[in-house]
Amino acid sequence: MAERSTMLRVEHLRKVYESPTGDVEAIGDLSFTMDAGELVCIVGPSGCGKTTLLKCIAGLLRPSGGTVEMDGVPVTGPTPAMALVFQEYGRSLYPWLTVRGNVELPLRHKKLSRAHRDRLVNESLEAVGLAHAAKSHPWQLSGGMQQRVAIARAIAYEPEILIMDEPFAAVDAQTRADLEDLVRDLHRGRGVSILFVTHDIDESVYLGERVLVLSKSPTRVQEALAIDLPDQRDQITTRALPRFTELRTHVYGQIQRAKSEDAAMSSP
Amino acid sequence: MSTAPPTTPPTTPSAAAPVTASAPRRRSRVAARIRAAAANVLYAVGLPALILIAWDLLAKKPDEAVGAEKFYPDPRTVGQAFADNWIGAAFTEEVLPSLSRLGVGIVLSIVLGIGAGTVIGLSPWLRELTEPVLEFFRAIPPPALIPIVMLLLGITDTMKVAVIVSGAVWPILLNTIDGVRATDSVMTETADAFRVTWWQRLWFLVLPSASPRIMTGVRQALSVALILMVISEMFASSSGLGYRIVYFQRNFLIAESWSGIVLLGLTGVLLAVVFGLVERRVLRWYHGMREVERG
Chain A
1 MAERSTMLRV EHLRKVYESP TGDVEAIGDL SFTMDAGELV CIVGPSGCGK TTLLKCIAGL
61 LRPSGGTVEM DGVPVTGPTP AMALVFQEYG RSLYPWLTVR GNVELPLRHK KLSRAHRDRL
121 VNESLEAVGL AHAAKSHPWQ LSGGMQQRVA IARAIAYEPE ILIMDEPFAA VDAQTRADLE
181 DLVRDLHRGR GVSILFVTHD IDESVYLGER VLVLSKSPTR VQEALAIDLP DQRDQITTRA
241 LPRFTELRTH VYGQIQRAKS EDAAMSSP
Chain B
1 MSTAPPTTPP TTPSAAAPVT ASAPRRRSRV AARIRAAAAN VLYAVGLPAL ILIAWDLLAK
61 KPDEAVGAEK FYPDPRTVGQ AFADNWIGAA FTEEVLPSLS RLGVGIVLSI VLGIGAGTVI
121 GLSPWLRELT EPVLEFFRAI PPPALIPIVM LLLGITDTMK VAVIVSGAVW PILLNTIDGV
181 RATDSVMTET ADAFRVTWWQ RLWFLVLPSA SPRIMTGVRQ ALSVALILMV ISEMFASSSG
241 LGYRIVYFQR NFLIAESWSG IVLLGLTGVL LAVVFGLVER RVLRWYHGMR EVERG
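Chains A and B are the protein sequences, given in the same order. Heads up, the first sequence is in the working numbering, so the first residue is 1 and it goes up one at a time. Heads up, the second sequence is in the working numbering, so the first residue is 1 and it goes up one at a time.
Next comes chain B alone, as it looks inside the complex (with noise of 0.2 Å):
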């Protein structure tokens, strides 16, 4: 628990009421929102503190038996490794492409799945039609695609994002395809009442009464996006961060490899921060009105 000093001075409340009576709660209340943080933050690095401590522990030492501490490094090693492999040079030749090659397939993930779940979701006749063929592919495990994406396309960023697409698209594609389908009958009929064009339909309807249902696609999209990137560039490639990672595990350079599982992981955190960030924004009518109905 966090027992964070008081940092207010200690005055004489003889000497602080005449001046201003709400100066000291205020102070107070200032306090305790110091306290409040002080607490967050220790909840958020508690954990992880923890871990890295017993990773310590756990780590074998140099002067135990030869050459044991290359296969168990300890946190200090692993990150010096990350501060010699990924920063600076190494992160605009080896990081900066992966992560874009991961932006642009999130990218047209996204695009192509609300584009296509839209149309799809709109038309039952398209839906049956297509539904056979989308469960299909969305079965097929997508880094067994690679080796014939690698023959179609070579050994290209395209070939990359089209994995990194290939995986990432199902469930952005699913989602709005049933959310779209799911618009509520009366807001239709309301629509049809009042005349709104396909557009406005479309942009004030139908886009956003599917929108809980879309990001909650995003969400796993981003994950499996991930995924991919990083194995579309164990197979062939002669950059990025798959490729390092299994470059250092082929050479034996264990705490090299850590460290871009590290970096991995950053990303991970990474993209779900600016993913809570939009849907907060998005969905905010969403949560508002959830919140309203439980009370």
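For reference, chain A alone in the conformation it holds in the complex (with noise of 0.2 Å):
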């Protein structure tokens, strides 16, 4: 691989939600950084802010404390440099708007040629398999082939960094399988960075390059482990390497303690 260069720095955030009822502490003091090119996947425990957290890496919540920089420069709100994939893709896709429709909106206020967004339309959907579903509405689509279709709108968009929030949580083993195996080959082939945020922790192994374990709320980072598997990943001979269980078992143990800690800090 080719030398990495820093693409995202997340520094001493922090996120309060302020409330009549008291201030609930979201994220403590999280720092950690990424280069182009990387596919990091962050795995906590549930209700840790994993969600908070995304949103404020990607300018749509302002955090209380810390920076956020793209490229070095601070991120103030959503960029051009992001794209998102959500979790819920049936809120996140419009089902008044064919496949088509859908991978184009983001990219009409791009000044864009129509012929060179129509090739990036078709690119996309060619690369997430749905180039003959393009005429259907997506509730005319199954759930996972709904969330290509979020996938294609993100890639369409042409971000250096795919940010995806627990896209497979609602889909059935086999298609995340698929849509796992998907994602792999468009960090792969495309050279797309990902930032894969999951409470799976197989999930997390199988595609990282490296793992970010969170602590509890108020969330720290609690272990950046690098996951030297082979590149060459698939869903049978990957999974059943030792040291994929190795790892595994290492992330889990890690989950696991950043829950007791929680506890064992708050039972006195």
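Among these hints, one or two may not hold up.
Taking lysine to aspartate or glutamate pairs in the DMTMM-like style, the calculated list, with each CA pair at most 25 Å apart, reads [as the list claims (entries may be wrong)]:
{"no.": "1", "chain 1": "A", "residue 1": "110", "chain 2": "B", "residue 2": "192"}
{"no.": "2", "chain 1": "A", "residue 1": "111", "chain 2": "A", "residue 2": "158"}
{"no.": "3", "chain 1": "A", "residue 1": "111", "chain 2": "B", "residue 2": "192"}
{"no.": "4", "chain 1": "B", "residue 1": "70", "chain 2": "B", "residue 2": "56"}
{"no.": "5", "chain 1": "A", "residue 1": "259", "chain 2": "A", "residue 2": "23"}
{"no.": "6", "chain 1": "A", "residue 1": "135", "chain 2": "B", "residue 2": "279"}
{"no.": "7", "chain 1": "A", "residue 1": "259", "chain 2": "A", "residue 2": "11"}
{"no.": "8", "chain 1": "A", "residue 1": "111", "chain 2": "A", "residue 2": "71"}
{"no.": "9", "chain 1": "A", "residue 1": "135", "chain 2": "B", "residue 2": "184"}
{"no.": "10", "chain 1": "A", "residue 1": "259", "chain 2": "A", "residue 2": "25"}
{"no.": "11", "chain 1": "A", "residue 1": "111", "chain 2": "A", "residue 2": "123"}
{"no.": "12", "chain 1": "A", "residue 1": "110", "chain 2": "B", "residue 2": "189"}
{"no.": "13", "chain 1": "A", "residue 1": "259", "chain 2": "A", "residue 2": "166"}
{"no.": "14", "chain 1": "A", "residue 1": "135", "chain 2": "B", "residue 2": "293"}
{"no.": "15", "chain 1": "A", "residue 1": "135", "chain 2": "A", "residue 2": "178"}
{"no.": "16", "chain 1": "A", "residue 1": "110", "chain 2": "A", "residue 2": "69"}
{"no.": "17", "chain 1": "A", "residue 1": "111", "chain 2": "B", "residue 2": "189"}
{"no.": "18", "chain 1": "A", "residue 1": "135", "chain 2": "A", "residue 2": "158"}
{"no.": "19", "chain 1": "B", "residue 1": "60", "chain 2": "B", "residue 2": "74"}
{"no.": "20", "chain 1": "A", "residue 1": "111", "chain 2": "A", "residue 2": "160"}
{"no.": "21", "chain 1": "A", "residue 1": "135", "chain 2": "B", "residue 2": "291"}
{"no.": "22", "chain 1": "B", "residue 1": "61", "chain 2": "B", "residue 2": "84"}
{"no.": "23", "chain 1": "A", "residue 1": "259", "chain 2": "A", "residue 2": "202"}
{"no.": "24", "chain 1": "A", "residue 1": "259", "chain 2": "A", "residue 2": "246"}
The hints are simulated quantities; they were obtained by calculation from the structure and are not laboratory data.
Could you fit the two chains together into a complex? Lean on the hints.
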């Protein structure tokens, strides 16, 4: 691999939700960096503020403290350098638009020629294997296919980084395996940088080049773990590797520790 | 029930089979379709036919008490009155002006209702500011406004259109406000994340997402508009459907009065048909989605 440069830098990020009944500290003090071309998975116990973290990174939420920098420029709002794939595909795709219309919508404000726009849409639909469904409406497709549309929309936007928020939490196990391989293919084939949030430990180890284990809320990075599995991964052999089992056991242990530390801290 | 006679001529199977095996089947499919269409027509006209027959039986005949047939006209008399009073010159002089005022009133109500409803629905402070006022104006029965509007605008077409709009705009306005307000948060966040521009957001997110509610409002507005068209012409007018109906009634032209009511009913049906066609086009995605959800 070519030398990678730091692309995303998150420093001392903090998010406090203010409410009349008392402030809730969702993110404590969270720092990490991500290189261009990397596939980083963020995994953490449920309710640890993963979605809050992503929204802060993507500029959809204003952090209470700390900075997010993309290529050295502070992120203060949504940026064309990032594209999001939401967990709730059913609510993120517009049912009145066709698949093509959905993928095309974010491109309308980019000043592209008609031909260029069409090419981007066609290519991205092909990349997710949905070229044949361009004229369908999202609700005519299965859940897995709908999430593919959301992924196509994100890559057609040509972001520097693809941010995915538990994208496969709502699809069945077989579809999930297919979609995981699609993410690996996009990463390896198109060199897309991906920040992938999940609560599924196996998924994080299978997909990631690096896994960031988060603590319980208020969230910090508990451990940054390099995944030294071969680059070429597939559902059967990779998941059967002894190293895969070691890594997933390690991450599992970390998450258990995150939970129990929290319990130990709050019990006295 | 329809027992349409078989439309296929009886052919012996041995003669038909060698030519094309599918021909008899196709012919029987055509027959089935004709039978289904006939059944549909029967269902549609069955009850109206029964009502007409009952009406005819209940109406007074000329040989009964003197003049009784004048007050209880039979369908044929009303039909004759309809032909005499509404077809031909009367159509262009009385009916068309009424219908065009109705049309202008409906279009204005839709434009105003959706326009103002979108602006109000998108801005929380404007919503809170206008809510009490809107509730107040909505609660006023529009016919009560007619004398005042007449003072302000005179006995003109503008006044009649104003009366129609003053009643028909509310269901559209309030439904649009609610529909715009209920835009899904994840869909909005998606538009935020992809930096969709304001106009594109309006056109591709806010209005389509509110369109089922807007169409509900329009449907209600149509019947309100028809009512107000008639009433506005009954008050002060020298032409129009409402004027003619009141004129007939005051001159004891009972059959003619009835014929006007029939015309109003037909107008309502026409509006509903046009609305149905438009709605099917605009909300195709919505009905399709609902069907999928229901399984």
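Hints and how they fare:
1. Between residue 110 of chain A and residue 192 of chain B, the direct Cα distance comes to roughly 15 Å. Compliance with the 25 Å bound is thereby established for this hinted pair.
2. With a C-alpha separation of about 13 Å, the suggested pairing of residue 111 of chain A with residue 158 of chain A holds against the 25 Å cut-off.
3. A threshold of 25 Å between alpha carbons decides the hint, and for residue 111 of chain A with residue 192 of chain B the separation of about 18 Å falls inside it, so the pair holds.
4. Restraint check for residue 70 of chain B and residue 56 of chain B: satisfied, since their Cα atoms lie roughly 14 Å apart, inside the 25 Å limit.
5. Pair hint residue 259 of chain A plus residue 23 of chain A holds up; C-alpha atoms about 21 Å apart against a cutoff of 25 Å.
6. Between residue 135 of chain A and residue 279 of chain B the alpha-carbon distance is near 21 Å, which keeps this suggested pair within the 25 Å criterion.
7. Taking the CA atoms of residue 259 of chain A and residue 11 of chain A, the gap is near 24 Å; set against the 25 Å cutoff, the hint holds.
8. For a cut-off of 25 Å, the pair hint linking residue 111 of chain A to residue 71 of chain A stands: about 22 Å separates their Cα positions.
9. Straight-line distance between C-alpha atoms of residue 135 of chain A and residue 184 of chain B comes to about 23 Å, which keeps the hinted pair within the 25 Å bound.
10. For the proposed pair residue 259 of chain A and residue 25 of chain A, the alpha carbon gap of about 17 Å is at most 25 Å, so the pair holds.
11. Between residue 111 of chain A and residue 123 of chain A, the direct Cα distance comes to roughly 18 Å. Compliance with the 25 Å bound is thereby established for this hinted pair.
12. Straight-line distance between C-alpha atoms of residue 110 of chain A and residue 189 of chain B comes to about 18 Å, which keeps the hinted pair within the 25 Å bound.
13. Restraint check for residue 259 of chain A and residue 166 of chain A: satisfied, since their Cα atoms lie roughly 20 Å apart, inside the 25 Å limit.
14. Between residue 135 of chain A and residue 293 of chain B, the direct Cα distance comes to roughly 20 Å. Compliance with the 25 Å bound is thereby established for this hinted pair.
15. Between residue 135 of chain A and residue 178 of chain A, the direct Cα distance comes to roughly 23 Å. Compliance with the 25 Å bound is thereby established for this hinted pair.
16. Note on residue 110 of chain A and residue 69 of chain A: the hinted pairing holds, with a Cα-Cα distance of about 23 Å set against a maximum of 25 Å.
17. Note on residue 111 of chain A and residue 189 of chain B: the hinted pairing holds, with a Cα-Cα distance of about 22 Å set against a maximum of 25 Å.
18. About 22 Å separates the Cα atoms of residue 135 of chain A and residue 158 of chain A, which keeps this hinted pair within 25 Å; it holds.
19. Between residue 60 of chain B and residue 74 of chain B the CA atoms are separated by roughly 7 Å; this keeps the pair inside 25 Å, and the hint holds.
20. Between the alpha carbons of residue 111 of chain A and residue 160 of chain A the distance comes to roughly 18 Å, so the proposed pair stays at or under 25 Å and holds.
21. Among the hinted pairs, residue 135 of chain A with residue 291 of chain B is consistent with the structure: their alpha-carbon atoms are about 18 Å apart, no more than 25 Å.
22. Taken as a hint, the residue 61 of chain B and residue 84 of chain B pair is honoured in the structure, with Cα atoms around 21 Å apart against an allowance of 25 Å.
23. Between residue 259 of chain A and residue 202 of chain A the CA atoms are separated by roughly 18 Å; this keeps the pair inside 25 Å, and the hint holds.
24. Using a Cα cut-off of 25 Å, the hinted pair residue 259 of chain A and residue 246 of chain A holds, with the two alpha carbons roughly 20 Å apart.
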